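These are the residues of each chain, in order.
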Amino acid sequence: MFRRLDDGIVIEVTDQEAGFLSQIPSLLDSVGHEHGDPGYSVLHRPLCISDANVDEELRALVSQELESQRHTDRSVLERCLRERSVMTRDEAHGFLRSLNEARLVLAARAGAFEEGPAWENRIDEDPSLAVVAWLGYVQSELLSVLNGDAGTKP
Amino acid sequence: MTSPGTISDPRVSDAAAYDRAWSVVVWDDPVNLMDYVVFVFQTVLGVDARKATKLMLEVHNEGKSAVFSGLRERAESIAARMHSHGLWATVSR
Numbered sequence: 001m002f003r004r005l006d007d008g009i010v011i012e013v014t015d016q017e018a019g020f021l022s023q024i025p026s027l028l029d030s031v032g033h034e035h036g037d038p039g040y041s042v043l044h045r046p047l048c049i050s051d052a053n054v055d056e057e058l059r060a061l062v063s064q065e066l067e068s069q070r071h072t073d074r075s076v077l078e079r080c081l082r083e084r085s086v087m088t089r090d091e092a093h094g095f096l097r098s099l100n101e102a103r104l105v106l107a108a109r110a111g112a113f114e115e116g117p118a119w120e121n122r123i124d125e126d127p128s129l130a131v132v133a134w135l136g137y138v139q140s141e142l143l144s145v146l147n148g149d150a151g152t153k154p
Numbered sequence: 001m002t003s004p005g006t007i008s009d010p011r012v013s014d015a016a017a018y019d020r021a022w023s024v025v026v027w028d029d030p031v032n033l034m035d036y037v038v039f040v041f042q043t044v045l046g047v048d049a050r051k052a053t054k055l056m057l058e059v060h061n062e063g064k065s066a067v068f069s070g071l072r073e074r075a076e077s078i079a080a081r082m083h084s085h086g087l088w089a090t091v092s093r
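Those sequence lines, one after another, are chains R and W. Just so you know, the first sequence maps onto residues 1 to 154 in the working numbering. Just so you know, the second sequence maps onto residues 1 to 93 in the working numbering.
Hints listed in this document are in silico derivations from the structure and should not be mistaken for laboratory results. In this text the structure is predicted, and so the values were computed from the model without any measurement. Glycine residues also receive a C-beta, built at the ideal position from the N, C-alpha and C atoms. Certain hints may be false.
Partial pick of chain R residues on the chain W-facing surface, computed with a CB cut under 10 Å [said to hold, decoys possible]:
hint, residue
1, P46
2, E65
3, L66
4, L96
5, A108
6, F113
7, P117
8, W119
9, I123
10, Q139
11, S144
12, N147
Counterexamples of contact, computed for chain W against chain R with all Cβ distances above 12 Å [what the hints assert, rightly or not]:
hint, residue
13, V47
14, K54
15, S69
Pair by pair, the computed Cβ-Cβ distance ranges are [claimed, not checked]:
hint, chain 1, residue 1, chain 2, residue 2, range
16, W, D48, R, E12, 25 to 33 Å
17, R, P127, W, G70, 38 to 46 Å
18, R, A52, W, S69, 16 to 24 Å
19, W, K54, R, I49, 37 to 45 Å
20, R, R59, W, R74, 12 to 20 Å
21, R, D90, W, E58, 22 to 30 Å
Could you build all of it, start to finish, from the sequences and the hints given here?
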């Protein structure tokens with residue numbers, strides 16, 4: 001699924017897989033559009049739970065940079081899927097973060113955070129949880145290449 | 001005991017102690033992959049795989065792990081980077 005080259009990492013997915021993955025940016029763009037979206041809550045968790053003032057102060061401090069990075073990560077994912085271009089290590093990190101963000105949003109909307117680890121028992125019943133599991137597989141594949149465990153150019 | 005002629009400024013030591021008291025706690029969740037959490041700890045904290053795995057297992061088994069203790073600014077930066085990777089981290093003192 002991913003292969004390490006001398007100058008970076010290249011994505012090797014089928015058109016169908018690319019089609020699934022290319023929906024991630026629009027999924028993430030939809031976060032927060034509906035009131036009470038659990039996907040929004042999971043991406044905006046408190047930074048300080050012992051002091052509301054510190055939490056507010058911190059959120060104000062980091063939120064802009066956080067959103068900016070998330071948008072950059074989505075752009076990287078979009079471009080890499082569209083062009084099948086070689087990713088630098090930094091871009092691969094961004095790709096990985098977007099994959100993770102999508103998993104969190106889908107899982108949150110399916111109630112997995114309230115349910116706990118048992119959500120994995122519902123993969124066969126809930127298509128969105130099946131996608132969460134599949135994205136986890138994609139994530140692990142990319143992690144293996146980043147960690148040098150697999151996908152090395154022969 | 002201070003050396004002769006040295007005057008200690010209690011405000012300085014108080015300020016240092018205040019700053020040293022900040023910590024970052026990472027909380028368990030049922031969705032983030034274990035190998036991804038190890039990767040994030042290595043990336044954000046700069047620790048090796050063994051240490052990162054130890055911290056990840058602490059999060060997984062205990063529900064949370066204090067992954068950093070030190071200056072407030074650094075704690076905030078680490079917590080923000082954890083959030084940018086999708087992990088839930090909080091600062092406290």
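Evaluation of the provided hints:
1. The criterion of a C-beta within 10 Å of any C-beta in chain W is met by R/P46, whose closest approach is roughly 6 Å, and the hint holds.
2. Taken as an interface hint, R/E65 checks out: its beta carbon lies about 7 Å from the nearest beta carbon of chain W, inside 10 Å.
3. Contact between R/L66 and chain W, as hinted, is supported at the beta carbon level, the nearest pair being about 6 Å apart and thus within 10 Å.
4. Taken as an interface hint, R/L96 checks out: its beta carbon lies about 8 Å from the nearest beta carbon of chain W, inside 10 Å.
5. A hinted interface residue such as R/A108 counts as satisfied when its beta carbon comes closer than 10 Å to some beta carbon of chain W; here the least separation is about 8 Å, so the hint holds.
6. Using the Cβ-Cβ criterion of 10 Å, the hint placing R/F113 at the interface with chain W is satisfied: the shortest such distance is roughly 6 Å.
7. Here the hint on R/P117 is kept, as its CB sits about 5 Å from the closest CB of chain W, short of 10 Å.
8. For R/W119, the shortest C-beta to C-beta distance to chain W is roughly 6 Å, which falls under 10 Å, so the interface hint holds.
9. Because the smallest distance between the Cβ of R/I123 and any Cβ of chain W comes to about 13 Å, over 10 Å, the interface hint for this residue is violated.
10. The restraint placing R/Q139 at the interface with chain W holds, with a minimum CB-CB distance near 6 Å, inside the 10 Å limit.
11. Hint status for R/S144 relative to chain W: holds, with the closest Cβ pair at about 8 Å, below 10 Å.
12. The interface hint given for R/N147 holds, since its Cβ lies 7 Å from the closest Cβ of chain W, which is under the 10 Å cut-off.
13. The claim that W/V47 is not at the interface with chain R holds, since no C-beta of that chain comes within 12 Å of its own (minimum 14 Å).
14. W/K54, annotated as away from the interface, keeps every beta carbon of chain R farther than 12 Å; the closest lies near 17 Å.
15. Every beta carbon of chain R lies more than 12 Å from that of W/S69, the smallest distance being close to 15 Å; the non-interface claim holds.
16. Separated by about 30 Å at the C-beta atoms, W/D48 and R/E12 satisfy the suggested range of 25 to 33 Å.
17. Under the hint 38 to 46 Å, the C-beta atoms of R/P127 and W/G70, about 45 Å apart, fit the expected range.
18. The beta-carbon spacing between R/A52 and W/S69, approximately 22 Å, falls within the hinted interval of 16 to 24 Å.
19. Range check, W/K54 to R/I49: Cβ separation about 24 Å, and the 37 to 45 Å hint is violated.
20. In this structure the hint that R/R59 and W/R74 lie 12 to 20 Å apart at CB holds, the actual value being about 18 Å.
21. At roughly 28 Å, the beta carbons of R/D90 and W/E58 sit within the given window of 22 to 30 Å.
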